[in-house]
Amino acid sequence: MTASQPYGAHALDYFDAGWFPLPLPAGEKNPPPWGRTGRPSLGNEPDRDALESERSAHAGWNIGVRMPSGVIGLDVDAYDGKPGAQTLADLVAELGELPGTAVSTSRDDSVSGIRFFRVPAGTEFIGSEPGIEIIQPHHRYAVVWPSVHPSGGIYRWSCGSVPKVSELPELPAAWVERLRAESRDRTEAQDVSVSQAEAFVNELPEGEPCRRIRRVLDDALEDLRSGGSRHDAVLKGSMSIMNLANFGHVGGRTALAELNARFKDATAGEDREDEWKRILIGAVSKQDPVLVERSCCTPDAPDAPEFWSARPVLAHVHQFARARRAAPWAVLGAVLAHAVAAVPPTVVLPPLTGSVGSLNIFTALTGPSGAGKGAAIGVARDAVRIIEPDVFSDDDSRPDVFMTKLGTGQGITRAFMELTPVDPEKPSGPKRWTQVRDRALFTNSEIDNITAHANQTAATLMSELRSAFSGEMLGQLYAANDKNVQVPGHAYRLCLIVGVQPVKAKALFDDATGGTPQRFLWFPVRDPDRPDAPPACPEPWTWRLPDLPGDRVVIDVCEVARLEIDADFLARQDADDSDDLDAHAMFTRLKIAAAFGLLEGRLEVNEEDWELASAVMDASTRTRKGIVAALRSETAQQSAAKRKEAVQTAVEVETATEELKIEKAEKRALTVLRKRGGWFAAGKLAAEAGSAYREHLKTALDRLIDQGEVESQESDNTVKFRILEES
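Take the sequence shown: its position 420, counted from the start at 1, is 420 in my numbering, and no numbers get skipped.
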C-alpha cells in the first residue's frame, strides 16, 4: 500500500503532523500542482477535507511538502562533485554545530539531504550557499517518504517516521542571523522554472542599457568588487535590473549578461553556476507577467554637443527646441522633413546604385502618449521659416506645398492629382486626372490612423509609401476613370512626419519584410538632458531654396560618400545575414546629407554633410532598436498572459471534468443502492458500480452522505451504505 500509493496512504499523515502536502507525479519530483507553491499560495493551503478528496484522485503519486510558516529546510547536495559538504562544514566551523533533526533524503551518502528546523515566523532567508539551498514557505518544496526518486530510490526519514513540525528543533540564532535575507519590500511571485526564467530574460528589451539600468548595473558591479556578500550584490542588482527591464527600460538583457559574467569571474572555481540560475528564477518570479500599459524607455540619443555646434542652423534648432521644451532630435527630424518638402521633385540624387534617387524622407517621432510628438512638429515650423518659396503660408489658397494628414494609399495620389475638365470651357463635360501640385507634406501626430488604414483588406497604403520613398510612380491602373489616377515617377515631392507610440508601431514593423520601417528616420520626443531652466528663445531661422539651374538638378556627391555607398552595396550583395532593418540606411543617410547641404544653400553633399548625416543615422538607429525591443517585450507579455490564461483554462477544464465524473459516480451509486435495497457493503457496491466509477466512488459517497441522501455504518470491519429514505 505505502510503496504503490505514497500520496493516497500518507498525505493526511503529513497534514496531521503540521506539513502542507501536495501531490507530485508518480516517480517524479515535479511539476507541483498549480497554485500550491510560491508566494501566491501562502495562506491558501487546502484543508483536511480537500486533501481527503485529493488523495483518492492521486493515490499513486509522490508526496511533496511545502514548508509551513516558521519552518525551513537546509537542502545539502554533496554528490556528483557538488560542494554542499564543504559549505556545511565551513558554516558549522563559523556558527557552531546544528542540533540533531529530521532529515529527508534518497541518497546513500551521510551528508546529502534536507535538514528541517523551526525559525522565527515571518523570517525570510537567502536563497542559497554553494551546494546548499534554503527551502522556505515561499520558495520550493521537499519530496519526502515514501516517494520514489526518478532514479528508482525511495525517500526516507532519518527519524524513521513522519516528523511533527512542532517537535522540530530550532535553528540556532547565529545560523538565523547568518542566513536571513535583508529586509526588503516583496511583491507577489510565481513559481518558474530555469527554462521559463531564461525565456523571460530573452524577451527583455535588447540593446545598450539605458541610463537607469546602467546606473543600477554599475552599483551592482561596485558592490561585487567591494568584498561584501557577492550573492547579495548580484541578487539585489539582478532584481533591480529585472524590475526596470520588465517596465520597458532598454538593455536589461545586456546588463544581466554582464552581471552574470562578472559574478562568474568573481566566483571562479567555486561551482556556483546553479546559484546564478536560482537568482534569475527569483528575479523573474517577482515580475508581473501581464502589464496593460508599458512605458518604453527608448535609448535616447545623446545630447552630442559636437554635433549640435557643428553648424549655426543646428545650434539654432537645438536652442529653439530647448527654449520651447521640445526634444532637439525630434524637432530636427521635423525640420528636415519640412525643408525637403519645399524642394521641387526635379532635384534628385545621382544614380549611384540603380536610377536617380528621390529626396523624399519619412520621419517617425517616437514616445508615449502626451510626450510631445505633435508639439515637436509645431516647434519645427516655428524654428525654421521657409520664405522662398512661400510654401507654408496660411493665407495662400494653394500653397506650393500641400499639407494634410495621411490616410489611404489612394489618398496619396489625390494629394497631387485632381479631376479637371478636358475642355476648360465646358466644366460639366468629360474630366481627366491632372497633376495640380508637385509637393506634399503629410503629418500625423499619432500612428493610429495609418494603422487603421493599413489593416484594411486590400489596403495599398504601405506599398504606396514604399514607392513614394524612392520617388517611383504612384497609383494603380483601373478600368474606371474615377479610380484610374497615377502620378509619374520623380514628378512629386512627398515627405511624411508621423508620431509613434512605441507599442503601437506594430503596423509598421509588421511590414518589415516589405521594407516599410527601413524607410523611416526614428527620433525620440523625450529630452533626457534638458536643462532645468529653458534658454532664451531665438528668432526663427529663415531659409530660402537655392537657385535651381535647369529643369533637372542632380545633386553632386563627394567621393568619400560615393565610395562608402558602393562598398556597402557590394557587402550587402555578398552577405547572407545583413540586418534587414538597415537595408536602406545608406540611401537614407544620403538624403539627410543632401538636406544639410540644401539648408546651407548648396546643391551638393560634401564630406561634412556626410559625417553629420552619420550622426543623425546613429540617433535614428538607437531609437528604432528601442522600438523593436519594446514591441518584442510587449509580445512577450501578451504571450505570457495567453499562457497563463491557457493554464488557468486547463485547470478549470480539469476541475470541471473531475466534478462531472464525481456527479456520474453519485448517480451510479444511487442506482445500485436503490436496486439492491437496504444495506450494501462498500466492496460489493464498488464492484457492481463498475471500474469506470471506482476512482471517484469514495468522494461521491461522501457527498451523498453530506447531502442526506445516503447513510453509512461500519460493523465487523465492513463499511456499508444504504439510501437514507429507507431507514
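Don't read these hints as lab results, they were simulated from the structure.
Errors might be hidden in some of the hints.
[Claimed, not checked] Quick list of in silico lysine-lysine cross-link-like pairs, DSS-like style, CA-CA up to 27 Å:
#1 Lys405 with Lys426
#2 Lys625 with Lys667
#3 Lys661 with Lys625
#4 Lys164 with Lys277
#5 Lys664 with Lys625
[What the hints assert, rightly or not] Restraint-style ranges between C-beta atoms, simulated for each label pair:
#6 Ala583 with Arg544: 27 to 37 Å
#7 Ser226 with Asp556: 18 to 28 Å
#8 Glu28 with Pro528: 46 to 56 Å
#9 Thr649 with Gly43: 16 to 26 Å
#10 Pro150 with Ser229: 11 to 21 Å
#11 Lys277 with Glu306: 42 to 52 Å
#12 Lys277 with Pro33: 21 to 31 Å
Predicted model, so just to flag it, every value in this text is computed and none were measured.
For each residue, glycine too, the CB sits at the ideal point set by N, CA and C.
(message) For each hint given before, does the structure comply? Return the numbers of the non-compliant ones in rising order.
(response) Hints 1, 2, 3, 4, 5, 7, 10 not satisfied by this model.
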